[in-house]
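*Asks:* Take a look at the letters that make up each chain.
2 protein chains.
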Amino acid sequence: MSHQPPISLWPDPNALGPVTDLYELTMIVGYLSSGMAGKQASFELFVRKMPPNRAYLVFAGLEQAVGDLLRLAFSPEQVEALRGWPMFRNVPGEVMDALAALRFEGDVWAIPEGTVVFPGETLLRVTAPLAQAQWVETYLVASLAYPTLVASKAARIVSVAGGRALLEYGARRGHGPHAGFLAARAAYIAGFAGTSLAEAARLLGIPASGTMAHSWVQAFPDEPSAFAAFARTFGGSSTLLVDTYDTLEGVRRAAAIEPPIPAIRIDSGDLDDLTRRARAILDESNRSSVKIMVSGDLDEQRIAALVEAGAPVDGFGVGTELITSRDAPAMGMVYKLVELDGEGKYKLSPAKKTYPMAKQVFRQRDADGRFAGDHVTRADEAAEGEPLLVPIVRGGRLVGPLPTLEAVRDRCREQLAALPDRLRPLDARPDYPITYSDRLEADARRLMDRVNRAGI
Amino acid sequence: MSHQPPISLWPDPNALGPVTDLYELTMIVGYLSSGMAGKQASFELFVRKMPPNRAYLVFAGLEQAVGDLLRLAFSPEQVEALRGWPMFRNVPGEVMDALAALRFEGDVWAIPEGTVVFPGETLLRVTAPLAQAQWVETYLVASLAYPTLVASKAARIVSVAGGRALLEYGARRGHGPHAGFLAARAAYIAGFAGTSLAEAARLLGIPASGTMAHSWVQAFPDEPSAFAAFARTFGGSSTLLVDTYDTLEGVRRAAAIEPPIPAIRIDSGDLDDLTRRARAILDESNRSSVKIMVSGDLDEQRIAALVEAGAPVDGFGVGTELITSRDAPAMGMVYKLVELDGEGKYKLSPAKKTYPMAKQVFRQRDADGRFAGDHVTRADEAAEGEPLLVPIVRGGRLVGPLPTLEAVRDRCREQLAALPDRLRPLDARPDYPITYSDRLEADARRLMDRVNRAGI
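Quick mapping for you: the protein sequence lines, in order, are chains A and B.
Be aware that the first sequence starts at 201, since it is given in my numbering, and climbs by one per residue.
Be aware that the second sequence starts at 201, since it is given in my numbering, and climbs by one per residue.
Simulated from the structure, these hints should not be mistaken for lab results.
In this text the structure is predicted, and so the values were computed from the model without any measurement.
A couple of the hints might just be wrong.
In silico DSBU-like pairs for lysine-lysine, Cα to Cα no more than 35 Å straight-line [stated by the list, open to error]:
id, chain 1, residue 1, chain 2, residue 2
1, A, 239, A, 249
2, B, 491, A, 491
3, A, 491, B, 249
Using the sequences and the accompanying hints, generate a full structural model.
*Replies:* Next comes the structure, spelled out in structure tokens:
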């Protein structure tokens, strides 16, 4: 797929102004009223803490987040509605006019999609007039955290699948139908081969995968006639679901179809045992070419067990566990003010150490090209390694076309290949060195001293 | 809010045809090719098993699901894309034309939104030509499961909040920004007072709630000037966030503001201790009218603990735990063929007992009006109690206007009040009697016998 404008999933992508927490809007109105809206602010987005069962994250979601950001605006009826709300009713008309006229005209730097990232490092930085930079908080976090959760979960699944085909089958289990699109894209970035969600496949230009449901088989008088009808319609594309009645009998019936079908799917039962028996039946029936797909509440643990046991599975369909990132359905991704008119800012909280000032992240590699550690500096410092944050938006416009989905997926493949081995096991502890530059440490100390002294 | 057409969250609500799993489309093409597309089918939607930590569910999401269903169609470019996919490439043009022309023209019966429901009972039934009824599976499940999860979680929170205000604050933690809308609506149905998501509040006509972020306080030279600026802008609507630096010092500063502000918010720390100290400071400062809001990783357990301990909290903002239904982020909601041209159908699986034939659910109450048990019958049977499934769509059109959101919320309030006491504790076991009519049992036995005999 070539460089398309980012896909928007909204009825009117030019009316996303109030798709945000109300407090962003009250703060904007407050900044406008206090003459502070134009101060130059930098906010940074990062993950506070590694979610459970994760040793690395795959950053995803940037295309939708940035695409929507560039079109951020209020429709006239939205502004009209806001004017009538209790908290805005006494705000001077010219302030509400200024809110209505708001656009995002700032800069965005970000780590490219598909990059392996870690908590405590800046993933995205917005530099813009304070009102604009504040506006985008809710939408950016809502757009980036979920795809990152799904891509990170998908990467774990890819890591144990031993190269077998992985298909995202979760559409009906997503948190609303739109989540299916975001998940299909995130899973594809992390190495999945396709999705069952037809419209996601079409919009993204990625493979759609699907076979039949049990209802197909039930709709016919018996299984052989159901299989025959499907094969008549789809010929060489007919993957048959064999576990509606007796699974092995279903395999025998599928094996008897002429010309041979490409694959069968088993959706229930002891998959290790059933796939071995199915493989034997298929091979004895001169159907060595027929592949075996499995599905049904699969996650990385069950897939790893099947692969390690040597079960003859050619592909896995993964639904609920992936699309909900079930063992870690949320994470503490935050967006914090770090700099205002050149002055460092951060929330003082002993439990949540963060650093002021706009930052850059440098990734260092060892002699084998594996990730050795990340070094966080001020944005104006130089350091060894690859600077991960790159300019995406300048003055409210894309610096250049966003990478294609294939390019993002390629990047992710290279990134996952460069993971240190100790982070690969499913039960790996998060153990990746992140260091902060002396200047950042000094900035943090200076700010802490000032706050403590002034008792602000 | 009066009877509006259901809100759609899609760029083109008339192009949702492929927002479904590919296998629904392959099956439709197969049914069209096999001359079976017009057979009259009934599919039923139900939850297989109670999710963890739940003893009852609140059914929600029907308005969006049905609204989108009525407009279901393919755009010309969608059909063009499908024609080029490998599995459809050899399908005769007239079959693809028939797919392209598909509309939903069937009937839908459903339990009204806001009703307390249980696993094993029919929540919604579609009766339509087989191709149409199959088409809607993925979209219906994706639209109904998530709001039901959120409304069910919200009901638990409402049950322990002792009448204190509850606000849905989760927008940034939802699985993509659209989830925020669905969650705001579901939480409101279950008794929440409002949402932080401004656009959801506008579209739904419900209260928007929001204060300020820590970044507001940090943007000013000190906390007093930040508070003063906010109060200058918003006067009587100014809820001040007091925990950016020293929480109790923040409370003292908020208490000093003239005229008095309506509320403070505390977002971190030991909320039991801090709210008591804050209350004392406010009361000593002649600020008994100032309410105390709390937020920060709250769930029903933490809220129950604060309420039981008598912490002086006036309102709770609930985010991540609610919007992700974190302890139960998915559930086994399924949509199964139960009847085809008058003949009973169901998937035979010892672990998953279900019943064939179109069904009705009768709810029986005890002398106090509490729910005593549900009795599931064939749709053409009569029984004691309230029949829960009502006609919603007939021949592809709404039978009448859908209930307003306020009416749904009222129904939910009445439903929750009628819960048996044993289901109310947060750790209640799912223990609600559901029985099946003799005719259903006989239908199930007959079908099982026939399948076993025929070896299909």
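*Asks:* Now tell me if each hint is right for this structure.
*Replies:* A quick look at each hint next to the structure:
1. A/239 / A/249: Answer holds: residue 239 of chain A to residue 249 of chain A is near 30 Å, not above 35 Å.
2. B/491 / A/491: Violated, because 64 Å separates the two Cα atoms, which is more than 35 Å.
3. A/491 / B/249: holds (32 Å)
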